[in-house]
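Chains as they are written, first to last, in this note's numbering: chain A, 45 to 411; chain B, 45 to 411.
By construction, these hints were calculated from the structure, which means they are not laboratory data. Quick reminder that beta carbons are idealized off the backbone N, C-alpha and C, glycines included. Do not take every clue at face value.
Said to hold, decoys possible - Covered stretches of chain B (chain A as the covering partner; in silico rule of three or more C-beta atoms under 8 Å from a C-beta of chain A): (1) 227-239; (2) 267-277; (3) 296-306; (4) 399-409.
What follows is each chain in one-letter form.
Number of protein chains: 2
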Amino acid sequence: MNIETKTAHFTNPLYLESGRILEPYDITYETYGLLNEDRSNAIWITHALTGSHHAAGVYADENKSGWWDGLIGPGKAVDTEKFFVICANVIGSCFGSTGPISEDYATHKPYRYKFPVITIKDMVKAQRILLDTLGIHKLEAIIGGSMGGMQALQAAVDFPNLAKKVFVLASTHATRPWAIAFNKIAQEAILEDPAFKQGYYDPAEIKAKGLVGLAVGRMAGHISFLSPDSMDKKFGREYKRTDGLYELFGKFQVESYLEYNAYNFTKWFDPLSYLYITKAINIFDLSRGYDNLEEALKAIKSKLYLISFKSDMLFEPKESKEIYDLMQKVHAKEQSDYLEVESSYGHDAFLVEIEKFEDYIKEALNG
Amino acid sequence: MNIETKTAHFTNPLYLESGRILEPYDITYETYGLLNEDRSNAIWITHALTGSHHAAGVYADENKSGWWDGLIGPGKAVDTEKFFVICANVIGSCFGSTGPISEDYATHKPYRYKFPVITIKDMVKAQRILLDTLGIHKLEAIIGGSMGGMQALQAAVDFPNLAKKVFVLASTHATRPWAIAFNKIAQEAILEDPAFKQGYYDPAEIKAKGLVGLAVGRMAGHISFLSPDSMDKKFGREYKRTDGLYELFGKFQVESYLEYNAYNFTKWFDPLSYLYITKAINIFDLSRGYDNLEEALKAIKSKLYLISFKSDMLFEPKESKEIYDLMQKVHAKEQSDYLEVESSYGHDAFLVEIEKFEDYIKEALNG
Numbered sequence: 045m046n047i048e049t050k051t052a053h054f055t056n057p058l059y060l061e062s063g064r065i066l067e068p069y070d071i072t073y074e075t076y077g078l079l080n081e082d083r084s085n086a087i088w089i090t091h092a093l094t095g096s097h098h099a100a101g102v103y104a105d106e107n108k109s110g111w112w113d114g115l116i117g118p119g120k121a122v123d124t125e126k127f128f129v130i131c132a133n134v135i136g137s138c139f140g141s142t143g144p145i146s147e148d149y150a151t152h153k154p155y156r157y158k159f160p161v162i163t164i165k166d167m168v169k170a171q172r173i174l175l176d177t178l179g180i181h182k183l184e185a186i187i188g189g190s191m192g193g194m195q196a197l198q199a200a201v202d203f204p205n206l207a208k209k210v211f212v213l214a215s216t217h218a219t220r221p222w223a224i225a226f227n228k229i230a231q232e233a234i235l236e237d238p239a240f241k242q243g244y245y246d247p248a249e250i251k252a253k254g255l256v257g258l259a260v261g262r263m264a265g266h267i268s269f270l271s272p273d274s275m276d277k278k279f280g281r282e283y284k285r286t287d288g289l290y291e292l293f294g295k296f297q298v299e300s301y302l303e304y305n306a307y308n309f310t311k312w313f314d315p316l317s318y319l320y321i322t323k324a325i326n327i328f329d330l331s332r333g334y335d336n337l338e339e340a341l342k343a344i345k346s347k348l349y350l351i352s353f354k355s356d357m358l359f360e361p362k363e364s365k366e367i368y369d370l371m372q373k374v375h376a377k378e379q380s381d382y383l384e385v386e387s388s389y390g391h392d393a394f395l396v397e398i399e400k401f402e403d404y405i406k407e408a409l410n411g
Numbered sequence: 045m046n047i048e049t050k051t052a053h054f055t056n057p058l059y060l061e062s063g064r065i066l067e068p069y070d071i072t073y074e075t076y077g078l079l080n081e082d083r084s085n086a087i088w089i090t091h092a093l094t095g096s097h098h099a100a101g102v103y104a105d106e107n108k109s110g111w112w113d114g115l116i117g118p119g120k121a122v123d124t125e126k127f128f129v130i131c132a133n134v135i136g137s138c139f140g141s142t143g144p145i146s147e148d149y150a151t152h153k154p155y156r157y158k159f160p161v162i163t164i165k166d167m168v169k170a171q172r173i174l175l176d177t178l179g180i181h182k183l184e185a186i187i188g189g190s191m192g193g194m195q196a197l198q199a200a201v202d203f204p205n206l207a208k209k210v211f212v213l214a215s216t217h218a219t220r221p222w223a224i225a226f227n228k229i230a231q232e233a234i235l236e237d238p239a240f241k242q243g244y245y246d247p248a249e250i251k252a253k254g255l256v257g258l259a260v261g262r263m264a265g266h267i268s269f270l271s272p273d274s275m276d277k278k279f280g281r282e283y284k285r286t287d288g289l290y291e292l293f294g295k296f297q298v299e300s301y302l303e304y305n306a307y308n309f310t311k312w313f314d315p316l317s318y319l320y321i322t323k324a325i326n327i328f329d330l331s332r333g334y335d336n337l338e339e340a341l342k343a344i345k346s347k348l349y350l351i352s353f354k355s356d357m358l359f360e361p362k363e364s365k366e367i368y369d370l371m372q373k374v375h376a377k378e379q380s381d382y383l384e385v386e387s388s389y390g391h392d393a394f395l396v397e398i399e400k401f402e403d404y405i406k407e408a409l410n411g
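Modelling step: build the complete structure from the supplied sequences, incorporating the hints.
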């Protein structure tokens, strides 16, 4: 599959929800498939906290495929032989789009804490501008999971005429304190790590050495993506060193898993971006600007597909169900649909159990 | 109520499960009420991870009462006008009993990493020796929650003729990866904190300044004590600064709660003890030394009361239920009883919702 990775540079100011302005800014994005003549076959994919524009395919010089490669590609549920698929790195992130370690054009130094707080609404606004620039004013669908689901929901409310169908997976309409608490561990661990230097670290050095605070925070993240039952299945009480039960630093399987993933993560993600994006997740509330959630949902014209996963504790099924129930109340029955997927993978399911919802998405896209 | 705080010094070696020896060692304990003439009215209370011997009453010079003061005292469920109640600080802890920052008598320096790994079995063995020394060879009951429940279970198996009744609250027969994972965050954050100095910190300095790694770890602990629903009820999405939603470091109520408790904790708990006690919790498995859990439970002669709390995610009700079901299978029906308490307080319920199980314990003790 052909992957085009591009970066668009915007010189017009981006007016943010906070009242602040981002100017100029870049958005890095990828596209898969071909846009048809009447520009009507586009699907916009929105990514999660640590995701990127690289949603599908494999680069020539790497063997790691895109984060939703199982779902997107030729002949797959999101069929790139039929659809033109686009995925952009959100502003605030660290994979090419403007974020806190990008250069502030006013000072020619990284923004760091001068970077404005970004919201989910800001993320979709910036991506909408990218779509407009590409001449895409109508979408077949928007599809996203977790923070990507928040973007999909926000876009459905903010741009009612943009997409025919909107798919929201493993997400919520407002982040609950449980998720905020896990993010708090990460924020505290990063901020208080001496190597973080109060934000004045050298990004290259941090990536080479691995920031402990970011690793500790990522461990919290990985716990929040699972559940007691999913951990039982995944790890049990397997002990890596059978001779070492009475060694203080002996390791259970789950401990090795957390260590490996946490310290690997520090090689490819930036701590300031982690602070800014978790902040965006924490303050996400679809009803902001409306009297309540019901009023916000009334704005939606797209067909809304809500997909939740039974063992997801970060964004529980009842959170998606609440949106669905309100959609059913304020719109025609056929304007929304709800799928609760049986899964023991927790929040991770939206990334790893694609076989459980790909047919649902495929049918919805082709129906 | 009269509180006697004492420290017993033992010069005989304590043979540990690991094969190592602790010699000599101290055990700090408190007693409430009076031991009757035939020494038959004693109740042994076992404490949780961060608990201490100070289970009940208020010291003359402090206004903070013991951690189970609502349950234990004159006229309370564990009635000190009727029972002689004893609670000892576990070895490995930091409130007077020998632990990793105690002086190693061989070198006259703190043990630090030279301290042996302690297990739940070791903890109860040491406390059993204390009881023997006090001339207490029969108990009316053993009562403990969380890690205290592990001790109660282990004592029931190891000393079948010791207690008439054993109460296990909010606990498990073997720690699951979910709990181990939360402990891992704490261990990693402590170990990697430069101020921890690889265990060679000055304990007084650490307490005065507050070790960030311990605070971050405690945040993880506090999350594990709650649940998504209990956090909704306790905090909601209340924001401490209504003017500051777009400030990067603005605070949700849950964030303030975690910060306050975490940094307060560092003033009174020791990081090396935290490493050693979480290790003991991680490797707890009641069936160790037996073919399986059923075989271990067969050893029990006491009546076993299992109390779980519906929203407890750290040690879920099904873990207590599993013990109960096996007890029902291998013993007479009346040798075990199970109570599942309706609660939205998560694991914390065993400390904060005493009114929901005090009558149950009172009746069982007096029945």
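So, going through the hints one by one against the coordinates:
Interface restraint, the region 227-239 of chain B with chain A: holds (6 residues with C-beta to C-beta distance below 8 Å; minimum three). By the rule of at least three residues with a Cβ nearer than 8 Å to a Cβ of chain A, the coverage given for the region 267-277 of chain B holds, with 6 such residues. Counting residues of the region 296-306 of chain B whose C-beta sits closer than 8 Å to any C-beta of chain A gives 7, which meets the bar of three, so the coverage hint holds. Coverage of the region 399-409 of chain B by chain A is violated in this model, with 0 residues showing a Cβ closer than 8 Å to a Cβ of that chain against a need of three.
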